[in-house]
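Colleague: Next come the chains, spelled out residue by residue.
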Amino acid sequence: MSAPAGSTTSRRDYSMFDAELSGAVLNMRLLRRLLGWMRPYRITFGTSAVLVLLASFLQVLLPVILSIVVIDHILMGTTRSVTPDLGMVDATEWITGMLGVHPLVAACVLYGLIYLVFAVVSHAHRMTLVSSVINGLRDLRQDLFNHLETRPSSFYDRVAVGRVMTRVTNDVEALYELLRGIGTLIGEFVPFFVALAIMLAVDVGLTLLLLLALPLMGFVTYFFRQATRQLFRLVRLTVSTLNQNMQENLSGLAVVQLSDRQRHNLGRYTEINRENRSYELRSARIETLYGAFTDSMAHLSLGVIIWYGGGDVVQNTMTLGGVILFTRFIDMLLQPIVALGEQTNVLFRAMASGERIFQALDWDEKIHEPPSPVKLPERLHGEVRFEHLNFGYDEDVQILHDVTFTIRPGEKLAIVGPTGSGKSTLIRLLGRFYDFDDGQIFLDGIDLNRIHTHDLRRRIGVVLQDFHIFSGTIYDNIALGNPAITREKAEQAARRVNAHGFISALTLGYDTELSERGQNLSQGQRQLLAFARVLAADPEILVLDEATASIDTETELLIQDALRQLTRGRTSILIAHRLQTIQEANRVLVLHDGRVEELGTHEELLAARGLYYTLHSLQFQNSVSAS
Amino acid sequence: MLKSLFRLKVFVSRYRTRLILGILAFGTARFFEAQVPLFLATGIDRIAAGNLNLLLPVAGIFAVVVARFAIVSSARYLVRSSGIRVAFDLRQALYDALQQQGSGFFNRYTIGDMMTRAVADIALIQRLISMGTILLVILIFASLFGFGYMLYLSPSLTLLLLPPLPFVFFYARWASGQMGVASKDVQDRMSDLAAHVQENLSGIRTIQAMVQEDNEIARFRETNQAYSNAFYAQARINSLMSAWMPSLAAVCSIIILGYGGYLVTQGRMTAGELVAFFFYVNMVVQPFRVAGFMVSLFQRAAVASDRLFEVLSLPPEIADHPTGDAPPAIRGDVEIRDLSFTYPGQTRSALSGVSLTIRQGERISIMGRVGAGKSTLLKQLVRLLDTPEGTVFIDGVDVTHYPLSQLRSQVALVPQDPFLFGEPLKSNLTYDDPNRALDEIWSAAASADLKETIEDFPERLDTIVGERGVTLSGGQKQRATLARGLIRHAPVLVLDDCFSSVDTETEEHILSELTRLRANQTTILVSHRVSTARHSDRIVIMDQGRIVEEGTHEDLVASGGLYAELERIQREGADEADFDVLGVTS
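First to last, the sequence lines map onto chains S and P. Per my numbering, numbering of the first sequence is gapless, rising by one per residue and ending at 627. Per my numbering, numbering of the second sequence is gapless, rising by one per residue and ending at 1213.
I should point out that these hints are in silico values taken from the structure, not numbers from a laboratory. Glycine residues also receive a C-beta, built at the ideal position from the N, C-alpha and C atoms. A few of these clues could be false.
Stated by the list, open to error - One side only, chain P facing chain S, incomplete, derived with CB under 7 angstroms: (1) Val692; (2) Arg703; (3) Ser708; (4) Asp723; (5) Arg744; (6) Ser829; (7) Phe920; (8) Val922; (9) Leu924.
Stated by the list, open to error - Chain P stretches covered by chain S per the calculated footprint, using a threshold of three residues with CB under 8 angstroms from any CB of chain S: (10) 812-823; (11) 1067-1074.
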């Protein structure tokens, strides 16, 4: 999937963010790219690979001590058997000589020592692997977050936040599972090959016979996966439907009870619950059969070893220890197939996750910054000029038509117009949240497209309808990490916008922790806090999208007063919904279908009896009739 | 712990036959499995003696394996399916119990908490039955048969193997305790991380407008690192556990090698028996290794059981005991007599001594500041709160005497929070009765000024709303819930602040529709706007849980009280002095 080129938003396929990707194959390109994040930790990663080899070798030595050293050499008295002993016999004899003990004791000592080293080496292997994986994925997650954090509004207009969010959480998580799964497979397959090599050296015929079990197991495992894959998906699907149903029912419980729908809704829930139960039972049936089958294979192999090995021993092509060695190795031979079966689902799911992550990382949509941005003066005067601005989010739907007007430094301009007339678009372009090239906007005579967005946005304070709370204290939410805004300054700002009253009424005052989405504040309080935040930052230009919902009259009063404080001596652009806000503005701009329809003072426009007059008498009917 | 688990008895006992059969089958399967090392030992010993008559051990192993396969697969299924069925029943019971709770309950518990109970706690109990039972049964039978055969082969070697076993058990228990703490930490850090991302992406416009990207990236680095650290700590405990557990088994292996080998040299044991010992020790130690996990499975399921029964054993929040003296159809007279109400756990009363009589066909507006008791009063009418007996009467009959379903279908309340279900608009508008005719729906939509909005959607009435569908604006949602209320043509319609997000023009339209449609029916509405209230038959002003003013628009303006003040402010706008009038401190 290559990165979409260019910046024309309408040419991009946003639907891929909603599509269910399923990784069907082991995608090597994707794995290679993933390994790129492991590069800084390659030494740790490499060490881990060396350690797993060492550990596997040690693991294989243990059954050798039991069968070749103890059974063959010490108990049966077989000297120099045909079976390779990997130096274990010599080692035992050396310890016997050194310590002057019975060979059996020496074998025990050797067993204990090797086991100890094995335990330490495997622990070291696991920890080095985990450490490199964790660090690599931490970096990947950070890169992904950084990337998403800097995508423009046009991106977030079209994708669901929930979908994007799961890429940073669940999808990266799936990669942990993937790498852990690969780690498990390595831990199973390396001993498998070491054991296989030794078994081949001991008895080729018997080894080949036992290897016949592998295709059989592989075959059964494959069918098991095929049979359960769809079932597992259905189980997951019905579980999430169950949860969604319940969550929604509880969220709307008052409506449910007021509509007397409890019985009906329980019936619907029962249906999904039944469906889920039938899938669960079916997958349990298959799983139990498969589990019992894999257990049985190991036991059946024991029978084969006795039957075949017995003949070889009598013909002296194999020792008794050799037979016993096989019985101890059989698990190492079969286990990898089982593990592979267990890991495939994880693997495939992780492949899809990897695709989704890289798709997001490759999404290069951005706001274009000027190659050599103009440095803004310490303090702007605050003159804003729109010149022949045309704009549309999509190429075929134009929103703004030839918009031209000027706001004088320190002036308060109210923008009114019906829904969809382009009010919000106008202020979005002023903050350069979207690229535009047809027409110009000037700030103190400087073309907006020649200013870096960061520099620009620091000069424009925006208060949106929905106030976003950052987790942290109230003070944190006012200061927003700006060291220049001290505690005193924050409090001062809060006082001026009437927020100090409710803040100091809280037990912890400015140190009160705000929860996600600020549920512990009322709508009016959130609005006041948003004002305090902007006032503390002291931008040269204020942009306000006034909240539409009506609030109780007393909070309304506080907000109107705060707004007066906020706009004092500051160029202000107000998307106004309240009569009072409009009346207090210096001028009113009427926007209609993306065109500047009227511009003048409230009185002038009323007198002109144009669109403003109509809007005014419709929307503020009661006030007009009362006055 | 046992007491908590015992509460599950009702749910489990329905499937006891299955469970007992499954457990017995497990015992039989283990017995067959224990034969394998014996046949193996026989085989090895015959080979060692140069005896090629291997048919008995080989055929023995094959026969035992086939028998075990048949038995163990059905044993596992019997037990696992019991777990699945219990989980099914628990989910049903929980859903049913939750539907009978109300605002009192959800003030104490969050929906998220209930979802955790429905998802995680039920899963824990399912796991206990499906997995815990199996593990426990395996542990018991494996020890029984494993030790039985080892004692039969060599009592002295068996006794020597006993001392390490308690260590296996206690270490396993300790380690899984550690593991529990570490996994919880990982989960907590993960939800921090998810919350952080969610918060960031939903506030992305503010972040970018305030140029907070770098700050947020730095903050995320910390959250991200904290998660990595927790993950590493967990991996470490896990890895140490995988290193130590087999070590204890390795001690057993060394004992068998040394002492068993000695017994063989003494001729008191055969080489085959020595090998069989390895298999039996494995059989016994294996389940002990997961013993700690098993203990934590029981413990966690016990906690889960308590958490579930905490909800399941609650009585319905609003008792439904109709007395039979209620008329089958409500006309619409409402009388409130000296109603006082205090929310549970609060000292200040929300309503004190409220009396109000509303005649059929009247339109009443209620106004008052936040917390004056308006919503509380409305909820009492339909018993969303536990209305005290003898306080609220509809057509002269106490509301507690009505069947709940009748009361709520004939007194239609539209709540303040415009809640829509993630379903097609049509199902949302006909939520109380899915069988309503199409023209009914359209005419209600028209009355609520929603018709054009719906016609603008390509899917019209089939448009799915909510998270998975079209996101409606606040005003659209409010109009949809209004339509949902209007469509019912209920004798009493109660609107709790349903015009806050619609503009005055739309509001005028809806109010005139109310006048047209509900001339003979009772309408009660709450609002903040004088423009909404002024055309009502009567206006009621509430303050601090009491009715302080009552009368027509003209009466109240003339009397110069709180309403007159609100009217003036909303007409003229406020000046500094109004802060004092309204008792607002800035």
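Colleague: Look at each hint and say if it fits the structure.
Modeller: Here is how each hint holds up against the structure:
no., hint, result
1, Val692, "5 angstroms, holds"
2, Arg703, "4 angstroms, holds"
3, Ser708, "6 angstroms, holds"
4, Asp723, "6 angstroms, holds"
5, Arg744, "10 angstroms, violated"
6, Ser829, "5 angstroms, holds"
7, Phe920, "18 angstroms, violated"
8, Val922, "23 angstroms, violated"
9, Leu924, "18 angstroms, violated"
10, 812-823, "holds (count 5)"
11, 1067-1074, "violated (count 0)"
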